[in-house]
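**Student:** Chains A and B are the protein sequences, given in the same order. Those letters in the first sequence? Residues 466 to 946, by this note's numbering. Those letters in the second sequence? Residues 466 to 946, by this note's numbering.
Among the hints, a few may not be true.
Copies of one chain are not kept apart here, so a pair can be met inside one copy or by any two copies together.
[To be verified] Straight-line alpha carbon distances no greater than 25 Å define the calculated DMTMM-like cross-link-like pairs of lysine to aspartate or glutamate that follow: (1) 736 with 866; (2) 622 with 697; (3) 504 with 850; (4) 504 with 777; (5) 861 with 777; (6) 861 with 728; (7) 736 with 475; (8) 622 with 780; (9) 786 with 477; (10) 861 with 490; (11) 736 with 471.
Note that these hints are calculated values from the structure, not bench results.
2 protein chains.
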Amino acid sequence: MPLTSEFLRDLEAIVGARGVVSSVEGRLTYEADMHTFYKGIPDLVVLPETAEQTATVVRRCRREHVAVIPRGSGTGIIGGATAPLGGVMLGMNRMNRILELDIANRCATVQPGLINLWLSQAAREHGYYFAPDPSSQMVSSIGGNCSTNAGGPHCLKYGITVNHVLGMQVVTGEGELVWLGGKVPERPGYDLTGVFVGGEGTLGVVTAVIVRLLHVPEGVKTLLASFSTLDDASETVSAIIGAGIVPSALEIIDEFFVRAIEEGIGAGYPKGAGAVLLIELDGPVEEIEAQAGHIVPICRDHAALEIRVARDEAERALLWKGRKEAAGVVGRMTSNWLLQDAVVPRSRLPEIMRRMQAISDRQRLRIANVFHAGDGNLHPMILYDDRVAGELERAKLANEELLRACLELGGSVTGEHGVGLDKAESMPLQFAPADLAFMARLRRCFDPDGIMNPGKLLPSHPACGEGFRPGPPRFPSGAWV
Amino acid sequence: MPLTSEFLRDLEAIVGARGVVSSVEGRLTYEADMHTFYKGIPDLVVLPETAEQTATVVRRCRREHVAVIPRGSGTGIIGGATAPLGGVMLGMNRMNRILELDIANRCATVQPGLINLWLSQAAREHGYYFAPDPSSQMVSSIGGNCSTNAGGPHCLKYGITVNHVLGMQVVTGEGELVWLGGKVPERPGYDLTGVFVGGEGTLGVVTAVIVRLLHVPEGVKTLLASFSTLDDASETVSAIIGAGIVPSALEIIDEFFVRAIEEGIGAGYPKGAGAVLLIELDGPVEEIEAQAGHIVPICRDHAALEIRVARDEAERALLWKGRKEAAGVVGRMTSNWLLQDAVVPRSRLPEIMRRMQAISDRQRLRIANVFHAGDGNLHPMILYDDRVAGELERAKLANEELLRACLELGGSVTGEHGVGLDKAESMPLQFAPADLAFMARLRRCFDPDGIMNPGKLLPSHPACGEGFRPGPPRFPSGAWV
């Protein structure tokens, strides 16, 4: 088929010449997301500015059976926004506007490329904010947050992204532009919004999102408690939840990370601590004062070494800065690392910590941890040095063992980051063939030709049938130079 | 095809002879749900006791292309649990056990026939409860609540049913038994739980549900404010929400219902009031006291005639009894009524109230109202007398006008009750053909032969394709007697 120049011309006619990236240098910047291993250069990058352009691009790609890979800010860590098989990457960054701030109905309609934090900044003057705040909120896009159904430190109290999405405008794999949901939360028919959130671009691409806004709480109180052991910190978490208090965040930072953060950026964490627990309360001032009054003695009962309360916004920001930049500072402590996104029911936290220690001992590799303790969502980081023979292999083994341990304890193959390329082949560990076949059928219903983000989310498992793994890329890399 | 006796024998072999209702008298008790008009006698009623039996029954029905209509307590008001075209009704009432109360992980696994209120009663001794409490909670089943994605007075603060369902075991229209979701809220893959909740039995039937339990709030405070006009009450609602307070309930009861309730059961509502606002606050005692301290002056500023605070649990129960039995007491005030389940974005409440008055004047019929004001979810009741020529017709016209008015104001064809038979033909008022076609495709994906609850949820619209409207019933009523 004489695809090349006609196809390129058609795409340029849709989005304009500046909306198509075909040079090698340009495409190279879209080679990877934040996963350690996966890479792949898209054959073309297309940057639409409207929903209609997006739909037209998808329809044009469908005609040629060319893979379409949606991408927000590329901050995902599952390889979901990469093009390992080539194809057209749909960069949604230019669609980054707030279309409507509807304060009376406590919602906003935004474009998918909008940076998460920008929305809260815009809503703040009206006294509102957007609750889902993944640690990457300064750079990640709302479209990407929706696609991975991102969590974050505050989802213990406020829920994950899907709990804050009221509606979406999407382009399906057929190139149809449809609205799912809407401003009114009670809506008839099937809740397709819930399917699309977490769909990782395998069902289509999001072109607008209606999100719920929450009233900025009257007060916020951030406490830091340090302990000599991780066990004491974990048990404090159980005791707080058991007392019926739901803090807005409950984060544990282990000894390794406390040291790394202090040496890297200096957040004022107590240096010798075996574990630090970051507790945040929000709500009416009377309520959080009362909660803090309950929490302090609970920490003391669990042998807290020190309990500190942030006295002002600057101190609070500093305590969080340590947590939010944990992943960034680790570079100075290790050559390489593998990040696992593990989750277990909260009651199994002590058990998974023990198993993790055993895996660490067996594979002779350090496993460091910062995690959303209130949710049972761990982020173990397996540290290795790829210059030492065998360490990479042992790191991969440890990673696999960790995943299986979580599943045995009733957890899931992924916590808040999604499946992408990274966990696709692990899905059969958690799901029966009938479950996978079912998901595959659903996928086909949105994307009959299997052009949307192929190879992601579902495994190359017989139960998933055909149609989701494209053949060799139609446009071998470099075809456009 | 020689179906009859072999089919009956097979079903009896699956669920036992006592699990199949074939007599006319027996089947007649399943003729209707709580909708005013729709009726239809199922050809057989089957009462499974296990998920496996349910799956086997569905597979057996599928072989004969016989319609399957799931039913919980039959308290729905949309005709969703009726068999207007005949077929096999699956009564889930015998599956009414709590399978697990997992307090450590704040969840419970229950069978679909469990009565909503029973779960909160069982969890209460551990300090937990199940938040979704439709007004019918004393009789409605959790399976039915899930199927219609029921709302209720407290969903302003706590969200609707879907926000409390973590996972489900379901039998699809293919007769496959699959688990969707699970105890861990962060789960990979497509969120099929969200699709099934609100699926109204058109995708399959629910055989187990994992629901989230919440900690019983430390305190509850119920206030009643009366006003001389409905406008004053509505504006008070806006002012409370605008002040950043989210009460657990905000219910408006209009003049007609205040009188009906007082004459019927005597809940102590001020008789002469033009509208009564029921406000409930829950949470830590300090918090609700502070909130009440804000709310009382707001009510006064909006010309409240009287503000009353329930002094104890008995007074609180009495205030709620009036609201919860509003639908029951109306019988003494009118011969007939049509209940609409309308919803608009909250900011449009004053506008829809004005339009409702205009419709009432035009059709010369009284429209009475109790509603979840905080959500913009109205329950207008159009009163008529079918012995007066033309009143039924005018009531239907008023009903239709009301629906269109809600849609024009950005609302939805249904609030918290679902679509069922009642609103199926209204879906094209809200959804474009592409949206409907999309839903139909999704439905087919779960139920390829269109046997599940045919004729419900989607309209007989060309966009919905074929396969969802069965031909004449295979078993004409009475075939089994």
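**Student:** Please work out whether the CA atoms of residue 504 and residue 777 approach to 25 Å or closer within one copy, between two copies, in both situations, or in neither?
**Tutor:** Classified as neither: same-chain Cα gap 43 Å, cross-chain 65 Å, threshold 25 Å.
**Student:** My question is about residue 861 and residue 777: at a cut-off of 25 Å on alpha-carbon distance, are they close within one copy, between copies, both, or neither?
**Tutor:** neither (43 Å within a copy, 61 Å between copies)
**Student:** Can you give me the call for residue 861 and residue 490, within, between, both or neither, at a CA distance of at most 25 Å?
**Tutor:** neither (32 Å within a copy, 66 Å between copies)
**Student:** Is the C-alpha distance from residue 622 to residue 697 at most 25 Å within one copy, between copies, in both cases, or in neither?
**Tutor:** within (22 Å within a copy, 34 Å between copies)
**Student:** Can you give me the call for residue 504 and residue 850, within, between, both or neither, at a CA distance of at most 25 Å?
**Tutor:** within (20 Å within a copy, 71 Å between copies)
**Student:** When no copy is named, should residue 786 and residue 477 be tagged within, between, both, or neither for a Cα gap of at most 25 Å?
**Tutor:** So residue 786 and residue 477 fail the 25 Å test inside a copy (43 Å) and across (65 Å) alike.
**Student:** As a check of your reading, is residue 736 near residue 866 (CA-CA no more than 25 Å) within one copy, between copies, both or neither?
**Tutor:** Neither way: residue 736 and residue 866 sit 31 Å apart in one copy and 69 Å across, limit 25 Å.
**Student:** Can you give me the call for residue 861 and residue 728, within, between, both or neither, at a CA distance of at most 25 Å?
**Tutor:** neither (28 Å within a copy, 73 Å between copies)
**Student:** My question is about residue 622 and residue 780: at a cut-off of 25 Å on alpha-carbon distance, are they close within one copy, between copies, both, or neither?
**Tutor:** Only inside one copy: residue 622 and residue 780 sit 22 Å apart there, 31 Å across copies, limit 25 Å.
**Student:** Within a copy, between copies, both or neither: where do residue 736 and residue 471 come within 25 Å Cα-Cα?
**Tutor:** neither (62 Å within a copy, 77 Å between copies)
**Student:** Up to 25 Å between alpha-carbons, please classify residue 736 paired with residue 475: within, between, both or neither.
**Tutor:** Answer is neither; intra-copy 59 Å and inter-copy 71 Å both fail.
The structure fails hints 1, 4, 5, 6, 7, 9, 10, 11 (numbered hints given earlier, in ascending order).
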